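J.: Sequence:
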Amino acid sequence: MIKISVITWNGGFRESFHTVDSFAKQSFPTSEYEFIWAEYYDSADPVLLDKIHQVENAKVIFVNGEGQWHVGRCMNAGIAASRGDLLVLIDGDIVVRPDFLTEMWQTHAAYKNLVLYVRRWDEPKTAHDAGQISVEHLETVCQLNNPTNYGGCLITGRQNIESAQGYEEHPIIGGPGAVSKELYTRLCNAGFPIMWHSTEKIYHPWHFGTLPSTDTLQQQQQKWVIKQRGLDLSTRADQRQIDSYLMNYSEVHKSSVQLSIKKMVRIIPGSASLIQFLRWTGNHA
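Counting from 2, one number per residue, gives the positions in the sequence shown under my numbering.
Among the clues, some could well be false.
[Unchecked claim] Here are the simulated lysine to any residue pairs, SDA-like style, with alpha carbons at most 25 Å apart:
| no. | residue 1 | residue 2 |
| --- | --- | --- |
| 1 | Lys60 | Asp94 |
| 2 | Lys113 | Thr236 |
| 3 | Lys126 | Thr149 |
| 4 | Lys182 | Arg241 |
| 5 | Lys4 | Asn114 |
| 6 | Lys4 | Asp92 |
| 7 | Lys182 | Thr236 |
| 8 | Lys4 | Arg98 |
| 9 | Lys113 | Met2 |
| 10 | Lys113 | Glu33 |
| 11 | Lys182 | Val253 |
| 12 | Lys228 | Ile195 |
| 13 | Lys182 | Gln220 |
| 14 | Lys26 | Tyr185 |
| 15 | Lys228 | Val253 |
| 16 | Lys26 | Met2 |
| 17 | Lys26 | Leu49 |
| 18 | Lys126 | Pro177 |
| 19 | Lys4 | Tyr185 |
Worth flagging that the hints you see were computed from the coordinates, not collected in a lab.
Bear in mind the structure is a predicted one, so any value in this text is a computation, not a measurement.
Working from the sequences, and respecting the hints, build out all of it.
T.: Structure (structure tokens):
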């Protein structure tokens with residue numbers, strides 16, 4: 002009987018598949034957990050397929066998506082294909098200790114409806130060795146850079162995720178950070194007990210692109226959506242609701258820009274020509 006389903010994702014870009022190796026070496030009984038790798042597109046790296054083929058309780062599923070990959074769609078597909086009552090929803094480039102699943106199972110047995118997060122510890126670039134992606138090496142060199150990385154690892158009961166209607170699939174929040182924090186916000190709104198594990202860690206080997214990108218317009222919109230979800234006390238995924246948030250975002254920020262221009266006109270002599278120019282560019286963009 003499958004008790005735990007470990008679900009991870011990929012958008013066709015990963016160059017290493019150490020997460021498969023890590024979960025293939027768990028002390029938890031092999032017959033009682035499964036490992037599901039959700040690929041966003043319709044194909045996968047042959048190296049990954051060979052690794053999965055060698056692990057009896059692992060499988061790859063294909064979302065057959067198009068365009069930009071979306072973490073929420075991958076995770077929802079994995080959840081739909083899974084059988085366990087306890088879901089371990091984890092990033093696809095993580096290493097854990099061999100007793101990780103045993104510890105997660107025991108922790109959840111002690112708390113009803115628990116939503117459990119595990120902090121991610123990162124390997125510095127200066128300590129990275131592609132030939133040493135092992136828990137022994139990572140335990141020695143990794144450091145905590147973000148104490149609330151919601152996209153690293155979430156463990157909770159299937160019924161909790163199903164009551165939230167899973168991950169959001171709106172295209173504005175397709176990345177791991179945004180889609181995971183949005184889900185966290187809804188789980189908070191629903192009143193589930195949320196805890197960060199006090200001792201357990203997940204380890205993240207360094208790779209290109211580890212550092213976060215700059216604050217883009219999309220990231221600003223993501224923050225706005227998550228804030229509105231919190232204020233509305235929303236508990237379920239709803240793409241139409243996000244559409245309404247984004248329409249409101251446009252109106253609010255349009256008003257803010259217009260107010261800033263009016264202030265500029267009062268402060269800067271002769272700036273009336275500037276406002277005419279900005280209006281013209283806005284009408285002809």
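J.: Compare the structure with each hint and give your call.
T.: Status of the hints after comparison with the structure:
no., hint, verdict
1, Lys60 x Asp94, "holds (17 Å)"
2, Lys113 x Thr236, "holds (19 Å)"
3, Lys126 x Thr149, "holds (21 Å)"
4, Lys182 x Arg241, "holds (19 Å)"
5, Lys4 x Asn114, "holds (15 Å)"
6, Lys4 x Asp92, "holds (20 Å)"
7, Lys182 x Thr236, "holds (13 Å)"
8, Lys4 x Arg98, "holds (19 Å)"
9, Lys113 x Met2, "holds (21 Å)"
10, Lys113 x Glu33, "holds (20 Å)"
11, Lys182 x Val253, "holds (23 Å)"
12, Lys228 x Ile195, "holds (19 Å)"
13, Lys182 x Gln220, "holds (12 Å)"
14, Lys26 x Tyr185, "violated (29 Å)"
15, Lys228 x Val253, "holds (14 Å)"
16, Lys26 x Met2, "holds (19 Å)"
17, Lys26 x Leu49, "holds (16 Å)"
18, Lys126 x Pro177, "holds (21 Å)"
19, Lys4 x Tyr185, "holds (23 Å)"
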